[in-house]
Amino acid sequence: MPETKSKLLQVEHLKKYFTIRKKGRLMAVDDVSFDIYRGETFGLVGESGCGKTTCGRTIIGLYPATSGSIRYEGKDITHLTGPQAHWFKKRAQMIFQDPYASLNPRMTVGDIIAEGMENFGLYPGVKQRQQRIQELLGLVGLNKEHANRFPHEFSGGQRQRIGIARALAVDPEFIICDEPISALDVSIQAQVVNLLIKLQQELGLTYLFIAHDLSMVKHISDRVAVMYMGHLVELAASEELYSHPLHPYTQALLSAIPIPDPQIERQKEVLPLEGEVGSPINCQPGCRFASRCPHAMERCHQETPVLKDLGQAHLVACHLF
Amino acid sequence: MTEQSAFKTLTSGDISADQFVRVGVNEQLSEQLQRPSISYWQDGLRRLKKNRVAMLSLGLLVFIILMCIFAPLIYPHSFDEQNIAITNQGPTWQHIFGLDDLGRDIFARIWIGGRVSLAIGVVGALVSLLIGVLYGGISGYFGGLVDDIMMRIVEILVGIPYMVVVIIVSVFLGKGMTSLLLALCMTSWTGLARLVRGQVLQLKESEYVMAAKVLGTPSYKIITRHLIPNTMSLIIINTTFSIPGFIFSEAFLSFLGMGIQPPLTSWGAMASLGQQQMAYYPHELIFPALALSITMLAFNLLGDGLRDAFDPKLRQ
Amino acid sequence: MTNQLLAVKNLRISFHTYAGEVQAVRGVSFKVNEGECMAIVGESGSGKTVTSKAVLGLIEPPSGEVKADSSINFAGQEVLKFTDRQWRNYRGKDAAMIFQDPMTSLNPTMKIGRQIMENILLHNKLSRQEARERTLELLRMVNIPNPEERINQYPYEFSGGMRQRVVIAIALACKPRLMIADEPTTALDVTIQAQILQLLRNIQKQEHTAVIMITHDLGVVAGMADYISVMYAGRIVEQGTVAEIFSHPQHPYTSALLKAVPSLNQENKARLQIIPGTPPDMIAPPQGCGFASRCQYCMKVCQHRDPAYTSFSDTHQAACWLHDDLAKAAFDYQDVSEVLNHA
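Chains as they are written, first to last, in this note's numbering: chain A, 85 to 405; chain B, 94 to 409; chain C, 23 to 365.
Hints are supplied without guarantee of correctness; some may be wrong.
[What the hints assert, rightly or not] Straight-line alpha carbon distances no greater than 25 Å define the calculated DSS-like cross-link-like pairs of lysine-lysine that follow:
1. C:115 with A:352
2. B:297 with A:106
3. A:89 with A:159
[Stated by the list, open to error] If the Cβ cut is set under 7 Å, some of the chain C residues that face chain B in the computed set are:
4. 38
5. 41
6. 322
If you are wondering where the hints come from, they were derived from the structure by calculation, not from laboratory data. Remember, predicted model here, so these are calculated numbers, not experimental data. Note that the Cβ used here is the ideal one computed from N, Cα and C, for glycine as well.
Start from the sequences, fold in the hints, and give me the full structure.
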């Protein structure tokens, strides 16, 4: 159970603002806190533009954090440089969203996978490295002859598995999966998800799984956090979140998932969610969901709700509770 | 119901029962790639080879270059040999393209002039390629303030008409090939610098560059491994297109008398001389002008072919 | 009694590329009745988008080639024999298309009102004022708030979902009898997807428009489609009514596709049933059944002989050797569902 497990990653009051000329600040991630325990899969869901990808990229150090702190194994990694940044990069890796854009089209698959090993001086010697590349290709279900091929010769699902092999090449313990399946066909999504689960069990990996597809997130995650316009609105164990969603946004999000059963789908009631996600530029205090929320009160427009623990580690940020 | 059973008997027929043995999935087989392995460059070359116009242009260019190198060595008449007795003579078997007003053999001069024109085109393009790629690459990769300052400098340079630069340089260094090259190179790299900068800015945000950063790849490797190879095709295409630009600039300046000085010559200088005799002895203008236009056309057509073959945006 | 609107027969389409001939569609036949929704489900590369483009005559020679014996019949006319002029009349007026990406299917430099009006004026003899009225009506129909104001805005001022609504409005402009929606919600968020699907459903009922919906996600069409055709490797492997496909799939691919999506009440981290491998490269289409290399029930015969269609009702057909009497005798079962549900 999470309580007995050690915290691998602690994110506290993380903020990431982008300055936009003449317009002000885009508050992509605004005061987000959560912990990820060793060996678990932490799901982060939300619609496009909610800041989930920015959050992942800030944690891995691709963007400098505006404020707040990120700690890995208790060590502050918010503003790492030089050899210490290297220390973290050896431990944390990322899998990207677009299998067509995340592999350099001019490099062979073997070179792509070897890049990380080279940077960290792992598996020195041509033979050892070749062997490791073939091992990794086998691990993700590709043939070893594929090492000499170029990315454009592969299908989307195969490319995504090459991306996974590249991340695994440095033997990381923590992997941020940034929408790894959203660009793939349904039949291929299951392949990749199964592979991720298998790798987690075999290698003891910890995942931060970012996605907008709630059914897949629920399937793979131990705990799930829901983001809306830079804020975390709800966080709970995945079963709990799906069976008892509390935040009105989570409820609407869940009801919108199409169910592959014509009878249920035709009778099901989609909770009306008026309007669309607003602009996260220069936000005023108040609940960001208030303009679309069916239960919005006076207070919601003035005061930003904070995450409250309602017991059983079910956290929700809403004035209704 | 009857319809259904009729349908079913259709399927079997002549197939023996032993065909109905379960084989299951062969994972290795289902991951197999059907197409032969082919790299980006091989694929581009294949496309280029299928482009007849581009291949014809390439052949023509190779021919012109070979002629420039070897024709003056074999041809019996030297480019500065004068035959005052038969000035302005039209084409004969003796003098294939005829003679000019000083009695010099035009065929010999075409290939000597071609050496100058092509050398200026190629050297100019290479120098501007070097400066442009470095400048644009640095500006794009570091971004922010560096980028702002470097791009303002480019804008200022673009604002200066190159004629002015040519005149100033030739005042200090005198007229001739070096000052011409220097002046052309000083102003011509800006276009490529902007192109490379734009490309690098875009590639810098691509997921594979992010992946490289996450993997701890140092900056110089990101530039040499990810950014440059992926801008290479655009650079090559652009350079091919810029060669005729240099050739024409040289011709234009020589035509105005600010370029190559006698006794050396170039296609532009020859056209300038021929133009004075145009009404009576058109061959003195036609041959250098033809050489110039054919070369420029060939470079442009080859550039088009290269773009069709290598530009990622045009390759579906 | 419903009338048949579109009949596609033995459609075969190839693309000529540098690497060789890619046989994208290899003999597809289906029908769409007036006012009904037909979904074409398949993964990328299965030929579903190419099929729908052929219906609108968007297969461009010289690289694309619709083979000579193909037939697409729209309301009694053979569209493949259309002249350019007939095509122009037909596109937009009789049949319209909604593309996947609302970002690229609108002209970014034109006000959205003009983009809709243009289509109306192209096919109808209306005054500008009447066309404007119709545009406003359309925008209201697709639930865009303040249409009077929105009509003068540019696409960049619209969010993704709103843009897709505009695209739908453009498609509806001339009251087409057939609307082809190519993955209309793939680029959108779940909540927006639900809104757009709801909208399409309502419009289809209101306007009595036939819809061909193309998707890779069976869940999306469960609430909307009347009929479903499942495509794989350039062929239709199974077609039937929604109920037939969802509750009695007769082809291993359909059944695997249904099981590949985790349901919300399934146990966490259980292995999802997957379809192993990768779809075949259509440059060298497999002999026999296209799905054979990824099918766990694959038999010897599947690898070299193409299965014929077996009918289960007037509307339900599947092409699979498992339905052959010899296969039933060899493995001892009455109904294929016994096999498919025994993973």
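These are the hints, each one checked on the structure:
1. Between residue 115 (chain C) and residue 352 (chain A), the direct Cα distance comes to roughly 34 Å. Violation of the 25 Å bound is thereby established for this hinted pair.
2. With a C-alpha separation of about 24 Å, the suggested pairing of residue 297 (chain B) with residue 106 (chain A) holds against the 25 Å cut-off.
3. Using a Cα cut-off of 25 Å, the hinted pair residue 89 (chain A) and residue 159 (chain A) holds, with the two alpha carbons roughly 17 Å apart.
4. Evaluation of the residue 38 (chain C) hint against chain B yields a violated restraint, the C-beta minimum of about 12 Å exceeding 7 Å.
5. With its C-beta approaching chain B no nearer than about 6 Å, residue 41 (chain C) sits inside the 7 Å limit, and its interface hint holds.
6. For residue 322 (chain C), the suggested interface contact is upheld, since its CB lies about 5 Å from the closest CB of chain B, less than 7 Å.
Checked against the numbered hints given earlier, the structure breaks hints 1, 4 and satisfies all the rest.
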